[in-house]
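There are 4 protein chains.
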Amino acid sequence: MHAEMVERAARAGKHVFCEKPLALDPGAGRRAVRAASAAGVCLQVGFQRRFDADWVAAKRRLDAGEVGDVLLLHVSHRNRCPPHGPDRTGRLGSLFVDMSIHDMDCARWLIGEVRAANAFATAARDDARDVETAAIVLEFEGGALGIIDNTRVAGYGFDCRAEVMGRRSTLRIGTHQRPVDLELLTQDGVLVPTPADHIERHRGAYVTEIRHFVECVRTGSAPAAGGDDALAALELSLAAERSYREKRPVELCHALR
Amino acid sequence: MHAEMVERAARAGKHVFCEKPLALDPGAGRRAVRAASAAGVCLQVGFQRRFDADWVAAKRRLDAGEVGDVLLLHVSHRNRCPPHGPDRTGRLGSLFVDMSIHDMDCARWLIGEVRAANAFATAARDDARDVETAAIVLEFEGGALGIIDNTRVAGYGFDCRAEVMGRRSTLRIGTHQRPVDLELLTQDGVLVPTPADHIERHRGAYVTEIRHFVECVRTGSAPAAGGDDALAALELSLAAERSYREKRPVELCHALR
Amino acid sequence: MHAEMVERAARAGKHVFCEKPLALDPGAGRRAVRAASAAGVCLQVGFQRRFDADWVAAKRRLDAGEVGDVLLLHVSHRNRCPPHGPDRTGRLGSLFVDMSIHDMDCARWLIGEVRAANAFATAARDDARDVETAAIVLEFEGGALGIIDNTRVAGYGFDCRAEVMGRRSTLRIGTHQRPVDLELLTQDGVLVPTPADHIERHRGAYVTEIRHFVECVRTGSAPAAGGDDALAALELSLAAERSYREKRPVELCHALR
Amino acid sequence: MHAEMVERAARAGKHVFCEKPLALDPGAGRRAVRAASAAGVCLQVGFQRRFDADWVAAKRRLDAGEVGDVLLLHVSHRNRCPPHGPDRTGRLGSLFVDMSIHDMDCARWLIGEVRAANAFATAARDDARDVETAAIVLEFEGGALGIIDNTRVAGYGFDCRAEVMGRRSTLRIGTHQRPVDLELLTQDGVLVPTPADHIERHRGAYVTEIRHFVECVRTGSAPAAGGDDALAALELSLAAERSYREKRPVELCHALR
Numbered sequence: 001m002h003a004e005m006v007e008r009a010a011r012a013g014k015h016v017f018c019e020k021p022l023a024l025d026p027g028a029g030r031r032a033v034r035a036a037s038a039a040g041v042c043l044q045v046g047f048q049r050r051f052d053a054d055w056v057a058a059k060r061r062l063d064a065g066e067v068g069d070v071l072l073l074h075v076s077h078r079n080r081c082p083p084h085g086p087d088r089t090g091r092l093g094s095l096f097v098d099m100s101i102h103d104m105d106c107a108r109w110l111i112g113e114v115r116a117a118n119a120f121a122t123a124a125r126d127d128a129r130d131v132e133t134a135a136i137v138l139e140f141e142g143g144a145l146g147i148i149d150n151t152r153v154a155g156y157g158f159d160c161r162a163e164v165m166g167r168r169s170t171l172r173i174g175t176h177q178r179p180v181d182l183e184l185l186t187q188d189g190v191l192v193p194t195p196a197d198h199i200e201r202h203r204g205a206y207v208t209e210i211r212h213f214v215e216c217v218r219t220g221s222a223p224a225a226g227g228d229d230a231l232a233a234l235e236l237s238l239a240a241e242r243s244y245r246e247k248r249p250v251e252l253c254h255a256l257r
Numbered sequence: 001m002h003a004e005m006v007e008r009a010a011r012a013g014k015h016v017f018c019e020k021p022l023a024l025d026p027g028a029g030r031r032a033v034r035a036a037s038a039a040g041v042c043l044q045v046g047f048q049r050r051f052d053a054d055w056v057a058a059k060r061r062l063d064a065g066e067v068g069d070v071l072l073l074h075v076s077h078r079n080r081c082p083p084h085g086p087d088r089t090g091r092l093g094s095l096f097v098d099m100s101i102h103d104m105d106c107a108r109w110l111i112g113e114v115r116a117a118n119a120f121a122t123a124a125r126d127d128a129r130d131v132e133t134a135a136i137v138l139e140f141e142g143g144a145l146g147i148i149d150n151t152r153v154a155g156y157g158f159d160c161r162a163e164v165m166g167r168r169s170t171l172r173i174g175t176h177q178r179p180v181d182l183e184l185l186t187q188d189g190v191l192v193p194t195p196a197d198h199i200e201r202h203r204g205a206y207v208t209e210i211r212h213f214v215e216c217v218r219t220g221s222a223p224a225a226g227g228d229d230a231l232a233a234l235e236l237s238l239a240a241e242r243s244y245r246e247k248r249p250v251e252l253c254h255a256l257r
Numbered sequence: 001m002h003a004e005m006v007e008r009a010a011r012a013g014k015h016v017f018c019e020k021p022l023a024l025d026p027g028a029g030r031r032a033v034r035a036a037s038a039a040g041v042c043l044q045v046g047f048q049r050r051f052d053a054d055w056v057a058a059k060r061r062l063d064a065g066e067v068g069d070v071l072l073l074h075v076s077h078r079n080r081c082p083p084h085g086p087d088r089t090g091r092l093g094s095l096f097v098d099m100s101i102h103d104m105d106c107a108r109w110l111i112g113e114v115r116a117a118n119a120f121a122t123a124a125r126d127d128a129r130d131v132e133t134a135a136i137v138l139e140f141e142g143g144a145l146g147i148i149d150n151t152r153v154a155g156y157g158f159d160c161r162a163e164v165m166g167r168r169s170t171l172r173i174g175t176h177q178r179p180v181d182l183e184l185l186t187q188d189g190v191l192v193p194t195p196a197d198h199i200e201r202h203r204g205a206y207v208t209e210i211r212h213f214v215e216c217v218r219t220g221s222a223p224a225a226g227g228d229d230a231l232a233a234l235e236l237s238l239a240a241e242r243s244y245r246e247k248r249p250v251e252l253c254h255a256l257r
Numbered sequence: 001m002h003a004e005m006v007e008r009a010a011r012a013g014k015h016v017f018c019e020k021p022l023a024l025d026p027g028a029g030r031r032a033v034r035a036a037s038a039a040g041v042c043l044q045v046g047f048q049r050r051f052d053a054d055w056v057a058a059k060r061r062l063d064a065g066e067v068g069d070v071l072l073l074h075v076s077h078r079n080r081c082p083p084h085g086p087d088r089t090g091r092l093g094s095l096f097v098d099m100s101i102h103d104m105d106c107a108r109w110l111i112g113e114v115r116a117a118n119a120f121a122t123a124a125r126d127d128a129r130d131v132e133t134a135a136i137v138l139e140f141e142g143g144a145l146g147i148i149d150n151t152r153v154a155g156y157g158f159d160c161r162a163e164v165m166g167r168r169s170t171l172r173i174g175t176h177q178r179p180v181d182l183e184l185l186t187q188d189g190v191l192v193p194t195p196a197d198h199i200e201r202h203r204g205a206y207v208t209e210i211r212h213f214v215e216c217v218r219t220g221s222a223p224a225a226g227g228d229d230a231l232a233a234l235e236l237s238l239a240a241e242r243s244y245r246e247k248r249p250v251e252l253c254h255a256l257r
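Each protein sequence line maps, in turn, to chains A, B, C and D.
For the first sequence, position 71 (counting from the first letter as 1) is numbered 71 according to this note's numbering, and the numbering increases by one without interruption.
For the second sequence, position 162 (counting from the first letter as 1) is numbered 162 according to this note's numbering, and the numbering increases by one without interruption.
For the third sequence, position 116 (counting from the first letter as 1) is numbered 116 according to this note's numbering, and the numbering increases by one without interruption.
For the fourth sequence, position 168 (counting from the first letter as 1) is numbered 168 according to this note's numbering, and the numbering increases by one without interruption.
Each hint should be verified, as a subset may be incorrect.
Put simply, identical chains are the same to the list, so a pair is met inside one copy or across any two.
List time: in silico SDA-like cross-link candidates among lysine to any residue, alpha-carbon distance up to 25 Å [unchecked claim]:
id, residue 1, residue 2
1, Lys14, Pro193
2, Lys59, Glu200
3, Lys59, Gly189
4, Lys14, Glu251
5, Lys59, Thr186
Hints were generated in silico from the structure; no laboratory data involved.
Based on the sequences and whatever the hints tell you, model everything.
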């Protein structure tokens, strides 16, 4: 319902903050973006990592050239269980559209446009249509490779980390995430807490993205995660899904966008 | 000027949030506490660690008995330079009153009352009266030992961490503090960022303590870091200072308080 | 020359410890294995991770079922520069045969047989035939996915780590490798040393594998990394290389081995 | 019996490697050192940290001036239980002589001579004479402070780490000791293994110190941890013990040694 709601809100002259994904198909997404554009309202999508202090610091070092030529991006993004519960109707979109889309956005934001997507996945035990764990390889236009791994059933809980490996140096983002910095040392070893879920992990980023939205509305400037970013990430997610279904590389066609 | 300001504010019927230390001498501190009490206003002091998520989680585990009998508390609390600049007039109090007072409060809050304080210190190179680095050993009434180390000239920057070692297990607080969770891997090794100062380190705690103050004012409940806590920590700091000056253990006299 | 040397040594009745890869093509490898078998000598290959304390401990926990169903294996294996220098003649084999072969062996050892290999890579800047960085996705017969990333030009130095993600819990191997446990804290952050190369990283494993070889020779027992393991890893490496060249998944045919 | 055995061995013309402590009283220790000297044999004592890669790397950086003026040394050295079992007869020496002596040697080795020792301790629950946990503050001749904390009953197991804080930077030794680099991630957090005992923690150092002894015997050179070091560490341990018993600082008299 996201795209439809965005369209109606835009027509009513409302600025819109929309959670990801903007849409489940590109057509609906494009209509929503056009509606916002035609109405002159601000449209921001909920790619909160663009506002997370860790990721922002990485982006800054990357842009400053500290890493050198980028060779590889690796993003791990895992849930303990589907955050919205089981999706028997398919209305939430596949793992690619529901989860990987965050990583697709980060791939574009940090490294650049993608030339081809290759996806591999395993289905859930009780529903062969439902992808549960996926490994995606992206080929960037600049020559780098990208690896994304996603799962909905990581026994140990939520995780979200990334690595940008370059010819000069390498960045690791979110390697030591912990909700509190408190270690318990017992006879069995040191026990270090891990984040329970994405809310706890990205708490600051959720606040910052909303502040950014308010600021964009106030000043009329374009949001850092806008409608076009939402469309591009959706296309990447759908390309990965098609690659998985058809067991072949899927090339991205940037000219058509 | 803290104590005097608290006294005047209390007489004017204002609730007071006062930064530590409440006073430089116990007499003035006691007058301020009495004034707040007489006026029926809320008096909270800025011991922000009592509101820091890491320390609060440790306190909870400690109170739940997870550590067993406490054997040792160790607090490291260090600045790169005096946060208020050099104190040529002595108006800011010694390192014991200006810095250690935070650790004295934590000692009481986490472990309990102190029986005796023993302090050792080195003076600054350019001002023999000014204590620059100190090692304090506390003997708790419950039998545990406490070690506090403070300095104003830690070259690597601000640090604030603690360990509670028990007969069953041990807690480590703040071991991995970093402003962002971003590592840079270079030929020279992994570079992990560290907090620049106490503001960055305790940002969340500063917000939480003010929220707590507002809540106390609203509901009339007693603040978690009140005037009596401020006095007790001050007495401990002054006992440490005396121990250092007179090169002998200084016993705390709780009956007199 | 490995396979040829193994063959001649076996015929001379010598027990053989052979560094990986056993051969650059399966035919030569099979002849070497057959020669060792016919001569009744011990043939061990240098897959030292099978003797590394970290990896062995992981294998033990995995076999004990602590991880639950395995969802994903991820191995990162990177060099700062080609360990044998540039290979203008192709005699050392591609990155897949020279480097990935270690990871292929670990994949089989830890998780099980592989059904299909999919490889993506980038060529070196000065020699389009020479693969420099690769991302490989393995599909295991048991249903799990495997990701291997390799490079010969990781600016920050040698790295070798792995993760086995399961439905119950997850294992991380070699996350904190450091030659000495010594941190330097400076104004710029904490500097943690990293291993310079594979010799430093796996020093203990190299000793243990040779001890194992001696023990096998002495007792006549089969080595933990034998000729068949060498052949299987080689086939996986060649399948990955073919997948990369032909831009398609390559299925492994275990019946033919 | 150490000192007596050393004396007899020396008289028999044998080179001697003696575990710490060399003696329980300085007189016996001095006789042993003199006997070795008179016989012209090599006498090395088991201060294995002087041969541990982590500590040696720290010593090197310290000597290179990387830390700047040393402000503080902190050594934590803890056992889960007395390594030799309960000492009902007192023949093993107090915690100061049995455990702290290692830390006293490190203090001298890393920082320099000590001017005064101040010790605080708690007795075991079942034997008031037996010190169980101690906090020792050393005042170095060069102006730095030293903190040593020891215990025989750390519930979580063996630990041995140190920090050298300087005006420029700070070194941390042994912060991340783990027998294997393998993390288990579960719903409860990340579980990191810790060393079980000093054998596991210092395995490499025990080998290196014996090699060093053999080398000294062979070449006739003086061992890096000789009889004088053993005596100096014993005097420091006894000074700490006296400080604890007499509740006062105990000055070290280097002229008399």
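List in ascending order the numbers of the hints, as given earlier, that are violated by the structure. 1, 4
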